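J.: Sequence:
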Amino acid sequence: MTGWMGTILRVNLSDGTIEKQPLSPELAHDYVGGRGLATKILLDELDIHCDPLGPDNMLIFANGPLTLTGALSSGRYMVVSKSPLTGTICSSNSGGYFPAAFKTAGYDAIILKGRAEKPVYLWINNDRVEIRDAAAVWGRDTRETVEILKKETRKDARVACIGPAGENLVRFAAIMNDADRAAARSGVGAVMGSKNLKALVIRGTGGVRVANPEEFLRPLIISNHIKKADLGIALEEFGTPLFVDIMNANNAMPTKNFQEGFYVEGDRINGAEMIEKTLVRSKACYGCSLNCGRNTRLPSDSKYTGRGDGPEYETIYSLGSNILVDDICAITKMNYLCNELGIDTMDAGSTVAAVMELVELGKLSEKEIGYPVEWGDADAAIRLLEDIAMKRGFGEIAAMGGQHVAEKYGAPEVFMGSKGQGFAGYHPRAMVGQGLLYATSPEGGNHTTGNTVQQEINGIPEPMDPLSAEGKAELVAMRQNETAFVECCGVCVFPYMLIDGSFEILADLYSAAVGKKYTEADIRAIGERVFNLERLFNRKLGFDRKNDTLPKRLTAEPHNDGIGEGNTVPLEEMLDEYYRVRGWTNDGVPTEEKLKELRLA
1 MTGWMGTILR
11 VNLSDGTIEK
21 QPLSPELAHD
31 YVGGRGLATK
41 ILLDELDIHC
51 DPLGPDNMLI
61 FANGPLTLTG
71 ALSSGRYMVV
81 SKSPLTGTIC
91 SSNSGGYFPA
101 AFKTAGYDAI
111 ILKGRAEKPV
121 YLWINNDRVE
131 IRDAAAVWGR
141 DTRETVEILK
151 KETRKDARVA
161 CIGPAGENLV
171 RFAAIMNDAD
181 RAAARSGVGA
191 VMGSKNLKAL
201 VIRGTGGVRV
211 ANPEEFLRPL
221 IISNHIKKAD
231 LGIALEEFGT
241 PLFVDIMNAN
251 NAMPTKNFQE
261 GFYVEGDRIN
271 GAEMIEKTLV
281 RSKACYGCSL
291 NCGRNTRLPS
301 DSKYTGRGDG
311 PEYETIYSLG
321 SNILVDDICA
331 ITKMNYLCNE
341 LGIDTMDAGS
351 TVAAVMELVE
361 LGKLSEKEIG
371 YPVEWGDADA
381 AIRLLEDIAM
391 KRGFGEIAAM
401 GGQHVAEKYG
411 APEVFMGSKG
421 QGFAGYHPRA
431 MVGQGLLYAT
441 SPEGGNHTTG
451 NTVQQEINGI
461 PEPMDPLSAE
471 GKAELVAMRQ
481 NETAFVECCG
491 VCVFPYMLID
501 GSFEILADLY
511 SAAVGKKYTE
521 ADIRAIGERV
531 FNLERLFNRK
541 LGFDRKNDTL
551 PKRLTAEPHN
561 DGIGEGNTVP
571 LEEMLDEYYR
581 VRGWTNDGVP
591 TEEKLKELRL
601 A
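One point on numbering: in the working numbering, the residue at position 235 of the sequence shown is 235, and numbering is uninterrupted.
In case anyone wonders, no lab produced these hints; they're calculated from the structure.
The structure presented is a predicted model; accordingly, all values stated were derived computationally and were not measured.
Where a beta carbon is used, it is the ideal one built from N, C-alpha and C, also for glycine.
Check each hint, because a few of them may be wrong.
Lysine to aspartate or glutamate pairs mimicking EDC-like chemistry, simulated, CA-CA at most 16 Å apart [stated by the list, open to error]:
id, residue 1, residue 2
1, 552, 407
2, 20, 147
3, 594, 573
Using C-beta positions, here's what the derived DEER-type ranges look like [claimed, not checked]:
id, residue 1, residue 2, range
4, 465, 561, 17 to 25 Å
5, 470, 376, 37 to 45 Å
6, 25, 566, 38 to 46 Å
Based on the provided sequences and hints, a complete structural model is requested.
T.: In structure tokens, the structure reads:
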């Protein structure tokens, strides 16, 4: 096999058994790797009704056949499991340099089952695999953990670990790798914590072969145009915070818990403000030349201190405009804190916003929280984040997520998310296709299962009315299928999803890597197979149309002044068309005919 390493590593933490098995070529070609391979394994092997935080749940790390090949942005991996936050399947994505070590150690996937009796970490040094005692790092933050475990193993090892939030089973805990990169969504860090697994420490020194090096080189050279595209240039200059200005200009910047779409203080938290106040240098994940990452340091004149990476746009929205914090230094501090504690910044912001609105409505008191929590109070948000990670006081309630908090205090309508997971930073009343995408995502309000920004906001490859339902079902289904394939390959969505013409390049790269010709239509069909497989997982748990929902704020309350004024998301209309496009029943269930077409039945 080329592209793939050909080996799956299985670790049972309950009894300590470690097994290596060959990767089936048929399984590889049908489900590729990453998200697809892990989803197939999970659906085939998991007791689907298990407790997500029980020993029977599985946690699967998977890279893809393009990881480490030299393809642009080929430093990604996936973590797939049953989510403790949503109860659905979940797939969380991360970059950095850990994926390269993971693959060069010789593995396409690492499957973790069971629960260790005491805290442990997994030390993988190429073909040597050990389960080691983690007493020295249990209770430590992620930065300390990385430092200590590198001293215990090898300086050139890469570490993916949980922080206190994962140890304490916070429902939106993240897995952090390379200190500042995060497989953050859906609570995969809590699943890892439930297994008493503190970290995966990996050193790899192997190589990756592609089937046709000369054929691989041609699309690799062509892919250089991606960096020269307008978005590629802007990403290198400003990083993902460039989306602050784009979203704000289109009344699509979620503000005050999605009550509004324009943040008047946007200029104080955008990419230019980061350059002026906090930026040290731009940086890239493995195998990427876009350099969209930001290495930052808090300035001496700030009340906050620290150095690290970020924040990304999603953090700026969730812990900035969404809770009315207008200080990029405060947002940066919260980002550092979430990384160290191991918390998903998006659901952190979604939860804090729900708390602030509950306080504003008189549903939740200062006495119940233990201190004042009001809109725009960054210090209160910081204190609440610390309490959440430690499950201290009111933090134990908030650690269950924004939906739980909103329901507990009698105002479920203030939770801005779908299927229990908070939304990403794109306001659906200003771009209704994104609302359909959130509602139909297998894991709730995620942005990495597809995105409609390029079409609805940027008009690429051709303009679409962001306020109209017309064409959105086809757009969303296409983007979901494409993203699923991208996340199977072990590459980043940015170059292959956001820049016109790059999906054809991806088909050529994949073909040359694995030695079999695939067209754009072929790889979209694989993505469709994977997306339907995820739908089947959720369907077995009872999920259908009743779960493909959005908050009433988006479907019944008109948008505020500006672009889209008076607009709501016509969700039911779009769902009817979306299910038709998907080949599902009107209840959102894949038909037998569709499953046979996709070779899933």
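J.: It remains to establish, for every hint, whether it holds in the given structure.
T.: Hints and how they fare:
With a C-alpha separation of about 14 Å, the suggested pairing of residue 552 with residue 407 holds against the 16 Å cut-off. Note on residue 20 and residue 147: the hinted pairing is violated, with a Cα-Cα distance of about 29 Å set against a maximum of 16 Å. With a CA separation close to 22 Å, the supplied pair residue 594 and residue 573 exceeds the 16 Å bound. For residue 465 and residue 561, the Cβ-Cβ distance of about 19 Å falls inside the hinted range of 17 to 25 Å, so the restraint holds.
A C-beta distance of roughly 38 Å is found between residue 470 and residue 376, which places it inside the suggested range of 37 to 45 Å. Separation of residue 25 from residue 566 is about 55 Å and departs from the stated range, judged on CB atoms against 38 to 46 Å.
Hints 2, 3, 6 from the earlier list are contradicted by this structure; the remaining hints agree with it.
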